[in-house]
Each structure stands twice: as C-alpha cells, then as structure tokens.
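Line order of the protein sequences matches chains A and B.
Residue numbering for the first sequence follows my numbering, beginning at 1 and increasing consecutively.
Residue numbering for the second sequence follows my numbering, beginning at 1 and increasing consecutively.
You may find that some hints are simply not true.
Chain copies aren't distinguished; within one or between two, either way the pair holds.
As the list claims (entries may be wrong) - Straight-line Cα separation of at most 25 Å, SDA-like style, residue types lysine to any residue; simulated pairs:
id : residue 1 : residue 2
1  : K499      : G481
2  : K499      : H458
3  : K164      : Q282
4  : K499      : P465
5  : K452      : G482
6  : K512      : T501
7  : K553      : E143
8  : K164      : R214
9  : K5        : R369
10 : K5        : P465
11 : K273      : R548
Please keep in mind that the hints were generated in silico from the structure rather than gathered at the bench.
Number of protein chains: 2
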Amino acid sequence: MAKAKNILFIMFDQLRWDYLSCYGHPHLQTPNMDRLAAMGVRFDRAYVQSTICGSSRMSTYTGRYVQSHGASWNNIPLKVGELTMGDHLRARGMGCWLVGKTHMMADAEGMARLGIEADSVIGARVAECGFDVFERDDGMRPEGPDGMYDEGGALAYNDYLRSKGYQSENPWHDHANSGIDEDGNVLSAWFLKNSNLPANIAEEDSETPYMTRRGMAFIESQGDQPWCCHLSYIKPHWPYIVPEPYASMYGPQDFLRPVRSEEERANAHPVMKAFMDSKVGQAFSRDDVRNAVLPAYMGLIKQCDDQMGVLFDWLERTGRMQDTMIVLTADHGDFMGDHWMGEKQFFHDASARVPLIVYDPSPEADATRGTVCDELVQSIDLLPTFYEVADGHIDEIAHVAEGKSLRPILHGTADAPLHDFVISEYDYAATPMAERLGVSVREAVLFMVATKEWKMVHSEGGFRPILFDLVNDPDELVDLGGSPDHTDIIDEMYAHLFKWTRRVSQRTTRSKAQLEEMRTAAARKGILLGVYDEDEAPLELTVRYRGRKAADKRGEV
Amino acid sequence: MAKAKNILFIMFDQLRWDYLSCYGHPHLQTPNMDRLAAMGVRFDRAYVQSTICGSSRMSTYTGRYVQSHGASWNNIPLKVGELTMGDHLRARGMGCWLVGKTHMMADAEGMARLGIEADSVIGARVAECGFDVFERDDGMRPEGPDGMYDEGGALAYNDYLRSKGYQSENPWHDHANSGIDEDGNVLSAWFLKNSNLPANIAEEDSETPYMTRRGMAFIESQGDQPWCCHLSYIKPHWPYIVPEPYASMYGPQDFLRPVRSEEERANAHPVMKAFMDSKVGQAFSRDDVRNAVLPAYMGLIKQCDDQMGVLFDWLERTGRMQDTMIVLTADHGDFMGDHWMGEKQFFHDASARVPLIVYDPSPEADATRGTVCDELVQSIDLLPTFYEVADGHIDEIAHVAEGKSLRPILHGTADAPLHDFVISEYDYAATPMAERLGVSVREAVLFMVATKEWKMVHSEGGFRPILFDLVNDPDELVDLGGSPDHTDIIDEMYAHLFKWTRRVSQRTTRSKAQLEEMRTAAARKGILLGVYDEDEAPLELTVRYRGRKAADKRGEV
Numbered sequence: 001m002a003k004a005k006n007i008l009f010i011m012f013d014q015l016r017w018d019y020l021s022c023y024g025h026p027h028l029q030t031p032n033m034d035r036l037a038a039m040g041v042r043f044d045r046a047y048v049q050s051t052i053c054g055s056s057r058m059s060t061y062t063g064r065y066v067q068s069h070g071a072s073w074n075n076i077p078l079k080v081g082e083l084t085m086g087d088h089l090r091a092r093g094m095g096c097w098l099v100g101k102t103h104m105m106a107d108a109e110g111m112a113r114l115g116i117e118a119d120s121v122i123g124a125r126v127a128e129c130g131f132d133v134f135e136r137d138d139g140m141r142p143e144g145p146d147g148m149y150d151e152g153g154a155l156a157y158n159d160y161l162r163s164k165g166y167q168s169e170n171p172w173h174d175h176a177n178s179g180i181d182e183d184g185n186v187l188s189a190w191f192l193k194n195s196n197l198p199a200n201i202a203e204e205d206s207e208t209p210y211m212t213r214r215g216m217a218f219i220e221s222q223g224d225q226p227w228c229c230h231l232s233y234i235k236p237h238w239p240y241i242v243p244e245p246y247a248s249m250y251g252p253q254d255f256l257r258p259v260r261s262e263e264e265r266a267n268a269h270p271v272m273k274a275f276m277d278s279k280v281g282q283a284f285s286r287d288d289v290r291n292a293v294l295p296a297y298m299g300l301i302k303q304c305d306d307q308m309g310v311l312f313d314w315l316e317r318t319g320r321m322q323d324t325m326i327v328l329t330a331d332h333g334d335f336m337g338d339h340w341m342g343e344k345q346f347f348h349d350a351s352a353r354v355p356l357i358v359y360d361p362s363p364e365a366d367a368t369r370g371t372v373c374d375e376l377v378q379s380i381d382l383l384p385t386f387y388e389v390a391d392g393h394i395d396e397i398a399h400v401a402e403g404k405s406l407r408p409i410l411h412g413t414a415d416a417p418l419h420d421f422v423i424s425e426y427d428y429a430a431t432p433m434a435e436r437l438g439v440s441v442r443e444a445v446l447f448m449v450a451t452k453e454w455k456m457v458h459s460e461g462g463f464r465p466i467l468f469d470l471v472n473d474p475d476e477l478v479d480l481g482g483s484p485d486h487t488d489i490i491d492e493m494y495a496h497l498f499k500w501t502r503r504v505s506q507r508t509t510r511s512k513a514q515l516e517e518m519r520t521a522a523a524r525k526g527i528l529l530g531v532y533d534e535d536e537a538p539l540e541l542t543v544r545y546r547g548r549k550a551a552d553k554r555g556e557v
Numbered sequence: 001m002a003k004a005k006n007i008l009f010i011m012f013d014q015l016r017w018d019y020l021s022c023y024g025h026p027h028l029q030t031p032n033m034d035r036l037a038a039m040g041v042r043f044d045r046a047y048v049q050s051t052i053c054g055s056s057r058m059s060t061y062t063g064r065y066v067q068s069h070g071a072s073w074n075n076i077p078l079k080v081g082e083l084t085m086g087d088h089l090r091a092r093g094m095g096c097w098l099v100g101k102t103h104m105m106a107d108a109e110g111m112a113r114l115g116i117e118a119d120s121v122i123g124a125r126v127a128e129c130g131f132d133v134f135e136r137d138d139g140m141r142p143e144g145p146d147g148m149y150d151e152g153g154a155l156a157y158n159d160y161l162r163s164k165g166y167q168s169e170n171p172w173h174d175h176a177n178s179g180i181d182e183d184g185n186v187l188s189a190w191f192l193k194n195s196n197l198p199a200n201i202a203e204e205d206s207e208t209p210y211m212t213r214r215g216m217a218f219i220e221s222q223g224d225q226p227w228c229c230h231l232s233y234i235k236p237h238w239p240y241i242v243p244e245p246y247a248s249m250y251g252p253q254d255f256l257r258p259v260r261s262e263e264e265r266a267n268a269h270p271v272m273k274a275f276m277d278s279k280v281g282q283a284f285s286r287d288d289v290r291n292a293v294l295p296a297y298m299g300l301i302k303q304c305d306d307q308m309g310v311l312f313d314w315l316e317r318t319g320r321m322q323d324t325m326i327v328l329t330a331d332h333g334d335f336m337g338d339h340w341m342g343e344k345q346f347f348h349d350a351s352a353r354v355p356l357i358v359y360d361p362s363p364e365a366d367a368t369r370g371t372v373c374d375e376l377v378q379s380i381d382l383l384p385t386f387y388e389v390a391d392g393h394i395d396e397i398a399h400v401a402e403g404k405s406l407r408p409i410l411h412g413t414a415d416a417p418l419h420d421f422v423i424s425e426y427d428y429a430a431t432p433m434a435e436r437l438g439v440s441v442r443e444a445v446l447f448m449v450a451t452k453e454w455k456m457v458h459s460e461g462g463f464r465p466i467l468f469d470l471v472n473d474p475d476e477l478v479d480l481g482g483s484p485d486h487t488d489i490i491d492e493m494y495a496h497l498f499k500w501t502r503r504v505s506q507r508t509t510r511s512k513a514q515l516e517e518m519r520t521a522a523a524r525k526g527i528l529l530g531v532y533d534e535d536e537a538p539l540e541l542t543v544r545y546r547g548r549k550a551a552d553k554r555g556e557v
C-alpha cells in the first residue's frame with residue numbers, strides 16, 4: 001500500500017443509509033459495499049447539507065453550506081464564481097472529472113453577464129460545477145408538454161442503447177425505465193404501479209452496469225497524472241424499476257417496516273404536516289405504493305452492490321486499489337413511507353443521514369481499517385479531505401471550504417470530534433407547500449441542527465421548533481418541540497444554529513495568510529494613520545514624505 | 001417639475017452626520033446642503049452597513065449587507081459575480097457612471113479564473129463594481145517602501161495638476177495634501193501636526209472643486225439617455241488639509257466638544273478598549289491632534305458645501321434640477337476623538353450614522369419637501385430606490401438587493417417603518433487588533449444591531465455584548481451590556497440579529513416570480529412524483545408515457 005494518489009468518489013443517488021447490510025439491513029445483503037467498509041472506515045453519523053439532490057450535491061462539490069452557496073433547491077443555479085472541488089484540486093495538480101450525475105444547473109444568466117462562453121474550457125467547467133466532463137449523465141430524460149426537464153439528460157446513454165439495438169426515440173424511458181406487457185405496450189415506471197415489473201432491458205445494458213463501465217473506461221484513460229473521479233450513479237433514484245434478476249429478488253418479507261405512528265400524523269407540526277400532505281407523502285403512505293416500489297428499490301441497490309464488486313475487483317487487478325482513495329456515499333436517502341412521507345425531503349434520518357465509507361490505501365490508515373466512526377460528519381467534509389490527498393493544506397482553502405478534513409479520523413489521530421453539531425437545510429419556496437403554508441418565498445426555509453443526542457428543525461415563518469430525542473427516540477417519532485420540559489435543550493440547539501448563522505461565509509477572496517499579511521501592508525504602502533509628527537512613524541515610511549521641495553502654489557518661489 | 005429621469009448620487013467620504021448645520025452643527029454653516037434638505041427629505045437616522053470605506057461602499061453599490069457580499073474590509077476584493085447597482089440599472093436602460101471614488105478592489109484572481117479580461121467592457125465593469133468609468137479617482141496616492149496603496153490613484157488629477165503648473169512627481173501629495181514652509185519644504189499632511197497649515201494649492205485646483213467640475217463635465221456629456229452619476233468625493237477624508245480661505249476659517253471656539261468620559265475609558269469592554277488603544281484612538285484622544293485636525297476637517301466640509309452651491313446652481317441653470325433625483329450622503333463618519341477613538345470604526349453614531357438627504361423632483365414628492373424623516377434607513381436602501389426611479393419593480397431584484405425603497409417615504413405614502421432594526425458590521429481580522437485580542441481570523445467580526453431605542457454590538461470570540469440606551473444616553477457613554485437589568489433588551493436585540501443572520505441572502509439566481517413558476521414547472525417537463533397509476537396524473541402529462549410500443553428487450557418481439 002502507498003499514499004493515495006487518486007480519488008474515486010462514488011455517489012449513489014437516493015441510497016438510504018440503512019439499506020446496506022453493513023449499516024444493519026437484515027435482508028438486503030451488500031457484501032461488496034461491506035467489503036469496502038472492512039477495508040476502510042464506515043461513518044455511522046454522516047449527514048448531508050440538504051436532502052434535495054441538487055442542493056446536497058452543490059454543497060458537496062463546493063464544500064459549502066447551502067446558505068453559503070445559495071443553490072437551495074433543484075434547478076436554482078449555482079451562481080457563477082462559486083469555487084468548487086475542481087478549482088481546488090486542479091490548483092494542486094489533480095484532475096477532477098465527472099462520470100455520471102451532478103444535478104448542476106448552470107447560471108446561464110450570470111455567465112452571459114460575465115461574457116463566459118459555455119463552450120470554452122472555463123465555461124464548460126463553470127457550467128458543470130467545476131468538473132471536467134468524461135460523461136455527464138444526470139440520469140433522466142423525462143418528457144412533458146413544456147419539453148424536457150433536462151435537455152442534455154442521458155444523451156450518450158441513449159446513443160449506447162440504440163447502438164445495442166434498442167429501437168426507440170427515448171430508450172432511456174421505453175427500455176431502461178419501463179416494463180412491457182405481452183402486446184408490446186410500454187409500462188412506464190413514472191407510474192409507481194409499474195415499479196415491480198422487470199425493466200424491459202438486458203441487465204448489462206441498464207444504467208448502473210453501464211455507468212460502472214464508463215467509470216472504468218475513464219480510469220483506464222488516465223496516465224500518471226493524479227485524478228479525482230466523481231463516479232456518480234443515478235440509481236437507486238426513481239424511476240424505480242430494475243431488470244431481472246433483481247426485479248424478482250425481494251418481496252414484502254424482506255421489507256423494513258415503515259417507521260411511523262398514528263400519533264405523529266395526528267399531532268404533526270404544521271410544516272411536517274404539509275410534507276405529509278404532499279403528493280409523495282400521500283402516495284408513499286399507501287401500502288400498494290410501498291409494495292410496488294420497495295422490491296425495485298431494493299433490487300436496484302443490490303445491483304449497485306454487485307457493480308461495486310465488479311469495480312473493486314477491477315481496481316484490484318489494475319493496481320488502482322493500491323493508490324486510490326475510495327469514497328462511497330449518497331446525496332440523501334428516501335423516506336419510503338416512513339413518517340408518512342415519500343422521497344427525500346425534510347430531515348429525519350431516512351432522508352438526511354447517508355451511508356459514508358472511506359477507504360484510504362495509506363499505511364497511516366491501517367489502524368482504522370474495518371472500524372466504525374460514531375462521530376458527526378458532513379458531506380462538506382469530503383472536499384477538505386480530498387484537498388489533503390492532493391497534498392494541500394486546509395488552511396489554504398478554509399476561507400472558502402466550510403467542512404473539515406476526515407483524515408484525522410481515517411488515520412486514527414483525531415483528538416476531538418470534528419463537529420459539535422451538523423446542519424442541513426431545505427428550501428421549499430419553489431414548491432406548492434409554500435403557498436399552502438402561507439409563507440413567503442423568503443421564509444419558506446428550514447434549518448436542521450443536530451448533535452449526537454438531539455435533532456431540532458427550525459422553520460422560518462413563525463412556527464415553533466421541532467425536536468427529536470435521538471437517544472431515547474432514535475426512530476424520531478415523538479416531536480418534543482412544544483414540550484415545556486425541553487426549553488433548555490431547544491435554547492441550546494438554537495444557540496448552535498445562531499453561532500452557525502453568524503459565521504463568515506462570503507469572505508472568500510482573502511485567505512487566512514493574506515488577511516494576516518494585510519495587518520501591516522497598508523502602512524508599507526504609504527498610508528500613515530494617527531501619526532502626529534515624523535518622529536512617531538518608522539523612519540522608512542517617514543522619509544518618503546520628508547525633505548521634499550515644492551514651489552509655492554502655482555510656481556511662485 | 002417632472003418625474004426624476006436621472007440620478008445624481010453624491011457621496012462624501014468620512015463626512016460626519018452632525019457636521020452639517022441642518023443636522024445641528026452650531027458653528028459650521030452648510031447652507032447649500034441645507035438647501036437640498038429644504039427641497040427634499042432629510043433622513044435623521046441613516047446608518048451605513050459598515051464603517052469602513054470599502055465595505056460600506058460595496059454594500060451601497062450592491063445593495064447587500066457585508067455578510068452577504070463578503071468584502072468585509074478595505075482591499076478584500078468584492079467577489080466576481082456579485083450583482084451591482086450598475087447591473088440592475090443598466091438592465092432598466094439607465095447608464096450607471098462613476099466620477100470619483102469607489103474604494104473597489106477587483107477580484108483579480110476570480111476574474112482570471114473565469115477568463116474575464118480587465119480591459120474588456122465586461123471586465124472593466126466587474127473591476128469597477130459595476131460602474132462605467134467617466135473618471136475614477138480613489139483620492140489617494142500614498143507612497144511606501146512596498147509601493148503605492150493604490151497604483152491607479154489620482155492619476156488624472158495629478159495630470160491635471162501638472163497641466164496647471166504644479167511641478168512635482170506627485171502633486172497630489174506635494175500640493176493638494178501638504179503645506180509648505182518658507183524654504184519650500186513640503187510639510188506633508190500625513191503628519192497630523194501639518195493639518196492646520198493651508199494646503200499648498202490654489203483653492204480651485206484642490207480636489208473638491210476639481211471633482212465638481214468633473215461631475216458637471218460628465219452630465220454635460222450625456223444626451224437624452226437616462227443616467228445615474230455617482231459623484232463621489234474623497235474629502236473631507238484624510239489627509240486632513242485644506243487650502244485657504246478654508247484653512248483659516250475655524251478654530252477651537254467652533255469645535256464640538258469631544259463626546260467622551262473618563263468612566264467609559266476606565267471600564268471599556270475589551271473590544272472597545274482595543275479600538276481605543278489603537279494608534280488612531282490614542283492619537284485622536286490628544287488635544288494637540290484634535291486642535292490641528294479639526295480646523296482642516298471643518299474647512300474641508302465648508303468647501304464641500306460651497307461646491308454643492310456651485311453644482312446646484314449649475315443644475316438649476318441647465319434644467320437638470322427638474323428631472324434629476326439628487327442624493328447626498330457619506331460612506332461613514334469620523335470619531336474625531338469621541339469615545340477616545342479616531343477615524344471611522346466601531347459603531348457609535350459618530351461613525352455608523354451618516355447624513356442622508358434625498359431630493360426627488362417628482363410632483364409626488366411635493367408633500368414631503370423640507371421634512372425630516374426620523375425612521376431607520378440604511379445605505380442599502382438606495383439601490384432599490386434608484387431601481388424604482390429607473391421604472392423597475394423592486395420584486396424583480398429583491399432576491400439580490402436586501403434594502404427597501406425609500407420612495408414611500410419620499411412620497412409620503414409609507415404606512416409602516418421600513419426597518420424594525422438596522423445592521424452594521426465590522427471585520428477586524430486584517431488589523432493588528434485581532435492578534436491583540438487573541439481572536440482568530442474567523443472570529444474577528446462585530447455586528448451592530450440598532451433600533452430607534454437601543455444599539456447593541458455583538459463581538460464574536462466569547463465577549464459579552466455592548467449595549468447603549470439611545471433614548472436616555474444619546475451620547476452612547478454608558479455601556480449597559482453587562483447590566484443585569486437589561487437582559488430582556490439584550491435578548492430582544494439578539495433575536496433581531498438572529499432573525500437577520502438566518503435570512504436568505506445567497507439565493508440570487510432565481511427571482512420571486514421564477515421561484516413561484518418553478519412550483520409547477522417540473523411536472524410540465526415530464527417529472528411525475530408520487531403517481532401510482534395513469535389516472536392520478538393530468539392527462540396532458542400522462543399521455544406522453546402511454547400507448548408507446550416497444551420491442552421486448554433486445555429486439556425480440
């Protein structure tokens with residue numbers, strides 16, 4: 001083993017933390033992900049900065065909280081100028097490449113304002129959140145009366161499918177994400193009742209194996225230059241459907257029971273109620289929906305795990321396992337009907353907590369292999385970790401990147417927890433819930449602050465807080481936000497949140513070292529302040545303004 | 001009178017609010033500024049967002065709090081991508097021009113990263129905080145062993161002076177900002193003891209009259225196209241020195257007594273003490289310094305006022321008084337030894353409160369001419385005001401601009417105060433005080449939150465708050481921050497600050513209207529969520545995914 005030279009940064013979309021066997025799923029076996037955990041550190045309290053794909057990813061890719069970068073919901077563009085993982089790693093001589101999904105929405109207006117052409121090298125990176133693109137596949141090619149959600153979605157993948165004989169204008173939909181009946185009718189997995197059909201595609205042509213091969217092709221294409229590869233899978237994200245043999249692998253006997261209670265629904269905080277009352281909340285509260293979707297979701301995860309087996313074996317064979325840090329994580333989870341909610345949203349662990357496994361080949365990490373870290377970590381901690389792999393010092397980027405390096409944990413040298421608390425955010429201004437709750441677009445925001453013992457959710461707009469006791473109620477079924485016995489805890493959680501909101505997050509144009517240097521720079525450039533006469537200033541400054549001769553006003557001597 | 005078509009946005013640098021006769025100075029008569037107040041509205045509680053030139057101006061020019069734009073001290077560059085007054089007004093068809101000072105430091109690193117050339121139209125605007133430049137004169141040309149503080153400072157002005165026969169390499173220093181003795185020795189006003197000498201320059205060639213003429217030249221150059229002209233004077237900012245006749249106009253009998261007490265010095269809060277102990281604090285606590293500087297400072301203001309007379313007469317003659325909104329304000333004040341401090345810094349009214357007079361030629365403003373507005377307003381309120389003059393609706397920019405339009409006040413239609421509280425900020429990470437106080441670069445920040453009744457200063461780094469009772473102690477001599485009788489007030493002020501720090505400030509790439517539109521957009525682009533079967537989705541969506549035919553997997557029918 002040697003020091004990590006490269007980084008393979010694997011992300012699954014919507015992979016719930018507790019659907020891996022190493023995280024405790026009793027029926028879904030993920031031996032390959034578990035194998036990575038046995039080789040590295042499994043983080044048991046990893047939180048994402050937002051439970052919405054785009055926002056969570058923008059935080060991971062910039063290393064900054066959502067309140068700092070502002071891309072607070074899907075399709076709210078990341079503003080031009082935000083520094084990214086790509087900017088930081090390339091500055092250290094490490095390439096930073098995308099294979100798969102980012103959910104990045106380019107700030108086209110900002111780019112036009114600044115004259116940045118989308119087809120220039122700089123423009124392409126700005127538009128892709130700092131990555132160089134080996135292949136972008138945001139994993140979706142939906143079609144609607146107003147056009148496509150993502151015009152560039154799954155283009156190369158569709159070409160691949162057509163080259164393999166899938167004859168359709170949109171084989172992504174008609175084959176990879178639909179079933180078929182005996183009459184040849186496409187049964188779209190946009191309709192959840194079709195989720196338990198086998199996808200109408202050969203397994204090896206479905207999205208996850210395809211993307212694994214693209215990842216290996218990227219790695220193969222690289223020479224000696226160090227690289228960070230963001231291998232970013234769309235699955236197990238919806239449309240929920242998987243080909244055989246995975247389609248038939250799991251049934252109700254394998255499901256986790258939905259974590260919910262009648263009481264939590266009956267007494268729900270108004271904001272939580274709005275999420276329960278949303279279309280996805282109502283849908284996933286239904287047994288028929290869960291029964292149709294869960295076998296597909298679990299099958300998709302099993303397929304992901306098998307593909308990790310393919311990938312890890314290949315890395316072993318090619319020697320890359322010796323010099324490559326491997327990170328496996330997700331952008332958020334999936335409620336699957338827990339708490340009467342569906343999809344990813346809100347802040348229960350089903351959604352905000354993610355699997356995170358980090359394998360570091362360095363000998364320094366030998367002591368921690370196979371261990372589980374119970375400390376709070378955040379997805380924004382990845383960027384500083386990667387920066388250290390690229391031989392950077394985190395002080396150089398700490399004025400921009402808001403996370404902390406995981407390296408002390410990986411090397412067993414951490415002498416204090418990384419974080420006293422973690423933060424996650426949700427902006428529902430662009431959803432119908434804002435209207436239903438009667439809050440303005442500026443107030444439709446939620447903040448989660450969590451310690452190892454407590455999780456509080458603050459909603460702007462005049463609502464009381466929501467509070468869960470993670471020690472005595474790990475299922476987060478009892479909201480103590482209105483409990484008079486918990487005002488001290490609530491005050492403490494608000495103190496954490498307040499401290500966090502006061503942070504310096506936008507002073508990104510001067511580093512710590514530069515600020516310290518500025519303490520004396522003005523004087524050395526001739527600015528004298530509070531100096532009454534020459535004797536009070538250092539001679540080297542004073543002398544500049546001394547002994548000069550001038551004519552009297554306009555030339556009279 | 002007609003609706004304002006143009007905006008003349010006049011800023012003086014370091015002009016203390018209470019040094020105008022209309023604001024109550026008993027000895028310094030400013031009849032021309034007073035005349036503008038008689039024609040418009042004089043705001044009596046106007047606060048700047050920072051008491052440091054550059055940061056205050058970046059807030060005014062972007063319409064955003066310092067915590068939002070991040071340029072939190074002089075020479076911390078405003079990051080590329082920040083939207084400015086120029087961007088907003090040009091989008092409405094109004095030019096936005098600079099004549100004078102901005103204290104803008106371009107984000108050269110960010111510009112290079114994004115490939116923005118400084119000599120392109122876009123690059124020049126980005127580098128100049130969104131202004132098109134008629135003449136930039138940051139008003140300083142100091143010289144030090146490490147070069148000049150501002151390489152481009154006073155270039156055109158120095159050329160002008162040389163063309164008028166001032167023979168010197170740096171006539172800005174040797175003539176405009178120095179005295180002279182009988183032997184022809186230059187007596188630099190960098191040394192405060194020289195401040196009470198007459199500047200070695202003909203009055204009409206000194207900076208203030210020069211800049212007035214440049215402002216008139218700009219206005220003359222404009223055709224019918226609406227313009228906003230930022231006529232931005234360096235004076236009465238240091239170096240403190242003024243030519244005759246102003247140099248001899250004021251003496252100790254005309255001074256305001258220093259507002260300070262032995263008690264406040266003896267019991268000073270550690271952060272306030274650090275400011276008192278700074279070089280400028282110590283200097284301006286000395287009578288010899290005040291006696292040398294105040295006659296110059298007052299003379300400079302008198303000269304500014306006379307120039308306003310020249311300018312306003314010219315505007316009357318040319319008809320511009322009929323179609324031009326005129327704003328007169330400052331970027332911050334000057335302690336002049338009050339509270340044992342010097343310069344601008346910290347948050348006493350001497351520094352954070354500024355004069356603000358707004359003249360609106362519209363008939364709608366007739367009802368408020370000559371009135372005084374006692375409501376809290378902020379310098380970031382100017383941008384939305386200007387945007388309305390340019391016929392924009394503030395909802396269009398409210399996702400970026402954080403202030404509120406003053407128009408309801410100017411037109412007498414305001415039915416509620418604009419602000420419940422105002423905020424000002426100070427970042428001393430780049431000063432030696434941070435080291436002296438033992439706080440890190442991330443913690444060396446201060447927040448002022450003020451209502452009409454109270455002013456609280458919060459210091460990061462574990463200090464208790466500072467509190468002044470503005471009703472019973474308008475001189476801000478008694479710090480109640482440690483008073484057990486004031487914990488409720490302190491809690492209330494902290495609640496204001498907390499509410500403010502939680503604001504949405506970075507979601508600048510989507511407007512209110514766009515966010516509202518997004519509430520239904522995803523579905524109309526083919527995304528179906530929580531839809532079990534076709535009957536649950538609107539027909540126009542469902543139909544896209546229905547009735548398709550496909551072959552079975554790889555071509556088998």
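Now for the hints, and whether the structure bears them out:
1. K499 <-> G481: both (20 Å within a copy, 19 Å between copies)
2. K499 <-> H458: both (14 Å within a copy, 12 Å between copies)
3. K164 <-> Q282: Close neither inside one copy (39 Å) nor across copies (81 Å); limit 25 Å.
4. K499 <-> P465: both (17 Å within a copy, 14 Å between copies)
5. K452 <-> G482: within (21 Å within a copy, 33 Å between copies)
6. K512 <-> T501: both (20 Å within a copy, 23 Å between copies)
7. K553 <-> E143: This pair counts as between: shortest inter-copy Cα distance 21 Å, intra-copy 77 Å.
8. K164 <-> R214: within (16 Å within a copy, 71 Å between copies)
9. K5 <-> R369: For K5 and R369, only the intra-copy Cα distance (18 Å) is at most 25 Å; the inter-copy one is 70 Å.
10. K5 <-> P465: Result: close neither inside a copy nor across copies, 45 Å intra and 48 Å inter.
11. K273 <-> R548: neither (77 Å within a copy, 38 Å between copies)
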